[in-house]
Amino acid sequence: MHEYSIVQSLVSAVEAAVGDRRNAAVHRVEVAIGEVAGVDCGLLTTAFEVFRAGTLCEHASLTIESIAALWQCPNCGVAIERGKSLRCALCNEPARLAAGDEIFLQRIELEVA
Amino acid sequence: MCQDCGCGDVNIVPVEVQTRILSRNDKVAAHNRSHFASRGMFTINVMGSPGAGKTALLEATARAFGDSARLAALAGDLATENDALRLQRAGIRTRAITTGQACHLDAEMVHHELHAWDPGEVDFFFIENVGNLVCPAVYDLGQNANVVVLSITEGEDKPLKYPTMFAKADVVLLTKMDLLPHLRVDVNAIYDAIARVMPEALVMPIIAPELGGTGLWLEWLRQSRAALLRTVEVTA
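Note that the protein sequences, when read in sequence, are chains A and B. Position in the first sequence counted from 1, then plus 2, gives you our numbering. Position in the second sequence counted from 1, then plus 100, gives you our numbering.
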């Protein structure tokens with residue numbers, strides 16, 4: 003359940019992004035989570051709902067964009083089909099993860115009076 | 101407040117951030133990595149399930165190196181210092197990190213421990229992570245290499261079930277190979293599963309640590325440290 007630790011880091015990152023606009027309430031937090039980042043989106047949502055109390059995110063909603071894993075050959079760029087061996091059938095090069103390991107705070111929305 | 105019609109609605113202002121959520125951990129990990137490199141310490145994050153044989157592997161590594169390498173370790177567990185005591189008895193300078201409820205080590209825990217403890221001159225520094233195939237893979241500690249200890253008793257499809265950890269691994273050590281005659285396990289199926297989640301699959305079978313069988317592993321450690329030393333200036 004490292005999602006609780008991730009939420010603590012997320013709240014800190016949001017606080018840093020809010021900076022000195024402390025009179026603005028955080029309305030929404032948007033994150034991107036990769037398929038093979040090792041973070042469960044359901045658990046992340048639950049952890050956020052528990053830990054936002056008493057923080058700048060207390061009344062904020064959480065939007066999670068899931069990013070599909072994409073393994074590619076670094077040489078010819080061909081995508082490796084899901085579940086196959088992670089080596090290019092044409093070039094015999096080990097694949098590289100082009101997308102899917104994101105644990106990213108993308109943007110926040112502030113309510114400005 | 102809305103200035104256009106006086107409706108009382110607040111204005112919503114988007115703020116682009118685009119930052120890694122674990123950027124603070126990454127920063128501390130980079131500091132740890134630079135500290136290890138400056139002291140010539142090749143640092144290995146040892147991960148795997150509870151009972152996979154992480155501690156037994158490190159005990160065997162110490163026996164196999166003998167006096168030919170200086171070893172130190174941090175042993176992470178939710179509770180008890182049992183693993184740290186075992187490693188100390190095996191001749192590895194070790195400190196325990198008891199995490200309480202935390203299911204993984206993070207860079208700050210490692211950094212904090214090294215402030216309180218100087219392991220002296222070290223060639224190989226092992227960080228034995230909390231036994232868990234999920235959470236430890238997410239946190240960079242400042243290591244030079246990730247090693248996953250996978251025992252053949254855990255099932256052939258474990259790599260497919262826990263792809264993140266294997267995707268980040270540099271080496272997989274297959275342990276408890278000496279039990280093979282007593283099990284219905286197809287080792288080729290384990291190799292095949294690893295190849296589907298780990299792009300540069302480097303798998304080393306450990307036949308039976310107490311009987312030796314660590315030769316490839318020791319050679320990999322020596323070569324990896326030599327490669328590190330070629331890229332850094334050791335100052336302490």
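Check each hint, because a few of them may be wrong.
Unchecked claim - Once the Cα atoms are required to be at most 20 Å apart in a straight line, the calculated DMTMM-like pairs of lysine to aspartate or glutamate come out as:
{"#": "1", "chain 1": "B", "residue 1": "127", "chain 2": "B", "residue 2": "257"}
{"#": "2", "chain 1": "B", "residue 1": "261", "chain 2": "A", "residue 2": "17"}
{"#": "3", "chain 1": "B", "residue 1": "268", "chain 2": "A", "residue 2": "37"}
{"#": "4", "chain 1": "B", "residue 1": "261", "chain 2": "B", "residue 2": "286"}
{"#": "5", "chain 1": "B", "residue 1": "268", "chain 2": "B", "residue 2": "292"}
{"#": "6", "chain 1": "B", "residue 1": "127", "chain 2": "B", "residue 2": "213"}
{"#": "7", "chain 1": "B", "residue 1": "268", "chain 2": "B", "residue 2": "240"}
{"#": "8", "chain 1": "A", "residue 1": "86", "chain 2": "A", "residue 2": "37"}
{"#": "9", "chain 1": "B", "residue 1": "261", "chain 2": "B", "residue 2": "213"}
{"#": "10", "chain 1": "B", "residue 1": "261", "chain 2": "A", "residue 2": "103"}
{"#": "11", "chain 1": "B", "residue 1": "268", "chain 2": "A", "residue 2": "17"}
{"#": "12", "chain 1": "B", "residue 1": "127", "chain 2": "A", "residue 2": "37"}
{"#": "13", "chain 1": "A", "residue 1": "86", "chain 2": "A", "residue 2": "103"}
{"#": "14", "chain 1": "B", "residue 1": "261", "chain 2": "A", "residue 2": "95"}
{"#": "15", "chain 1": "B", "residue 1": "127", "chain 2": "A", "residue 2": "104"}
{"#": "16", "chain 1": "B", "residue 1": "261", "chain 2": "A", "residue 2": "42"}
{"#": "17", "chain 1": "B", "residue 1": "261", "chain 2": "B", "residue 2": "208"}
{"#": "18", "chain 1": "B", "residue 1": "268", "chain 2": "B", "residue 2": "257"}
{"#": "19", "chain 1": "B", "residue 1": "268", "chain 2": "B", "residue 2": "126"}
{"#": "20", "chain 1": "B", "residue 1": "268", "chain 2": "B", "residue 2": "300"}
{"#": "21", "chain 1": "B", "residue 1": "127", "chain 2": "A", "residue 2": "17"}
{"#": "22", "chain 1": "B", "residue 1": "268", "chain 2": "B", "residue 2": "286"}
{"#": "23", "chain 1": "A", "residue 1": "86", "chain 2": "B", "residue 2": "257"}
{"#": "24", "chain 1": "A", "residue 1": "86", "chain 2": "B", "residue 2": "286"}
{"#": "25", "chain 1": "A", "residue 1": "86", "chain 2": "B", "residue 2": "223"}
{"#": "26", "chain 1": "B", "residue 1": "268", "chain 2": "A", "residue 2": "95"}
{"#": "27", "chain 1": "A", "residue 1": "86", "chain 2": "B", "residue 2": "208"}
{"#": "28", "chain 1": "B", "residue 1": "268", "chain 2": "A", "residue 2": "42"}
{"#": "29", "chain 1": "A", "residue 1": "86", "chain 2": "B", "residue 2": "240"}
{"#": "30", "chain 1": "B", "residue 1": "127", "chain 2": "B", "residue 2": "208"}
{"#": "31", "chain 1": "B", "residue 1": "268", "chain 2": "A", "residue 2": "104"}
As the list claims (entries may be wrong) - With the Cβ distance kept under 7 Å, some of the chain B side facing chain A (calculated, not the full set):
{"#": "32", "residue": "115"}
{"#": "33", "residue": "135"}
{"#": "34", "residue": "149"}
{"#": "35", "residue": "150"}
{"#": "36", "residue": "277"}
In short, the hints are calculated from the structure, not lab data. Cβ coordinates follow ideal geometry from the N, Cα and C atoms, glycine included.
Do the hints match the structure? See the list:
A C-alpha spacing of about 34 Å is found between residue 127 of chain B and residue 257 of chain B, which places the hinted pair above 20 Å, so the restraint is violated. Using a Cα cut-off of 20 Å, the hinted pair residue 261 of chain B and residue 17 of chain A is violated, with the two alpha carbons roughly 35 Å apart. Distance hint between residue 268 of chain B and residue 37 of chain A is fulfilled; the C-alpha atoms sit about 14 Å from each other, no more than 20 Å. With a CA separation close to 17 Å, the supplied pair residue 261 of chain B and residue 286 of chain B stays within the 20 Å bound.
Of the pairs offered as hints, the one joining residue 268 of chain B and residue 292 of chain B holds, with about 17 Å between alpha carbons and a cut-off of 20 Å not exceeded. Restraint check for residue 127 of chain B and residue 213 of chain B: satisfied, since their Cα atoms lie roughly 17 Å apart, inside the 20 Å limit. As the CA atoms of residue 268 of chain B and residue 240 of chain B are separated by approximately 10 Å, the hinted pair is consistent with the 20 Å bound. With a C-alpha separation of about 16 Å, the suggested pairing of residue 86 of chain A with residue 37 of chain A holds against the 20 Å cut-off.
For the hint pairing residue 261 of chain B with residue 213 of chain B, the CA-to-CA distance comes to about 32 Å; that exceeds 20 Å, so the pair is violated. Annotation: proposed proximity of residue 261 of chain B to residue 103 of chain A holds, straight-line Cα distance about 16 Å (limit 20 Å). The suggested pairing of residue 268 of chain B with residue 17 of chain A is violated, with an alpha-carbon distance near 30 Å, which exceeds 20 Å. Between residue 127 of chain B and residue 37 of chain A the alpha-carbon distance is near 24 Å, which puts this suggested pair outside the 20 Å criterion.
At most 20 Å may separate the alpha-carbon atoms for a hinted pair to count; residue 86 of chain A and residue 103 of chain A meet this at roughly 18 Å. For the given pair, residue 261 of chain B sits about 24 Å from residue 95 of chain A by alpha-carbon distance, which is inconsistent with the 20 Å threshold. Distance hint between residue 127 of chain B and residue 104 of chain A is fulfilled; the C-alpha atoms sit about 17 Å from each other, no more than 20 Å. Straight-line distance between C-alpha atoms of residue 261 of chain B and residue 42 of chain A comes to about 14 Å, which keeps the hinted pair within the 20 Å bound.
Our distance criterion of 20 Å between C-alpha atoms is broken by residue 261 of chain B and residue 208 of chain B, whose separation comes to about 28 Å. A C-alpha spacing of about 17 Å is found between residue 268 of chain B and residue 257 of chain B, which places the hinted pair at or below 20 Å, so the restraint holds. Proximity of residue 268 of chain B to residue 126 of chain B is assessed by CA-CA distance (about 15 Å); at most 20 Å being required, the pair is judged to hold. Pair hint residue 268 of chain B plus residue 300 of chain B holds up; C-alpha atoms about 10 Å apart against a cutoff of 20 Å.
At most 20 Å may separate the alpha-carbon atoms for a hinted pair to count; residue 127 of chain B and residue 17 of chain A meet this at roughly 18 Å. Of the pairs offered as hints, the one joining residue 268 of chain B and residue 286 of chain B is violated, with about 24 Å between alpha carbons and a cut-off of 20 Å exceeded. Among the hinted pairs, residue 86 of chain A with residue 257 of chain B is consistent with the structure: their alpha-carbon atoms are about 14 Å apart, no more than 20 Å. Under the criterion of a C-alpha separation no larger than 20 Å, the hint pairing residue 86 of chain A with residue 286 of chain B is consistent with the structure, at around 19 Å.
A C-alpha spacing of about 38 Å is found between residue 86 of chain A and residue 223 of chain B, which places the hinted pair above 20 Å, so the restraint is violated. With a C-alpha separation of about 17 Å, the suggested pair residue 268 of chain B and residue 95 of chain A falls inside the 20 Å cut-off, and the hint holds. Of the supplied pair hints, the one linking residue 86 of chain A and residue 208 of chain B is violated, its CA atoms being roughly 37 Å apart against a limit of 20 Å. Proximity of residue 268 of chain B to residue 42 of chain A is assessed by CA-CA distance (about 17 Å); at most 20 Å being required, the pair is judged to hold.
The straight-line distance between the Cα atoms of residue 86 of chain A and residue 240 of chain B is roughly 27 Å, outside the 20 Å bound, and the hint therefore fails. This hinted pair checks out: residue 127 of chain B and residue 208 of chain B have alpha carbons roughly 10 Å apart, not beyond 20 Å. For the suggested pair residue 268 of chain B and residue 104 of chain A, the alpha carbons sit about 13 Å apart, so the restraint of at most 20 Å is met. With its C-beta approaching chain A no nearer than about 5 Å, residue 115 of chain B sits inside the 7 Å limit, and its interface hint holds.
Of the supplied interface hints, the one on residue 135 of chain B is violated, with its beta-carbon coming no nearer than about 22 Å to a beta-carbon of chain A, more than 7 Å. Annotation: residue 149 of chain B was flagged as interfacial toward chain A, and the flag is violated, the nearest CB pair being 15 Å apart, outside 7 Å. With a cut of 7 Å, the hint placing residue 150 of chain B at the interface with chain A is violated, because the nearest CB-to-CB distance is about 15 Å. With a least beta-carbon distance of about 23 Å to chain A, the hint placing residue 277 of chain B at the interface is violated under the 7 Å criterion.
The structure fails to meet hints 1, 2, 9, 11, 12, 14, 17, 22, 25, 27, 29, 33, 34, 35, 36 from the earlier list, while all remaining hints are met.
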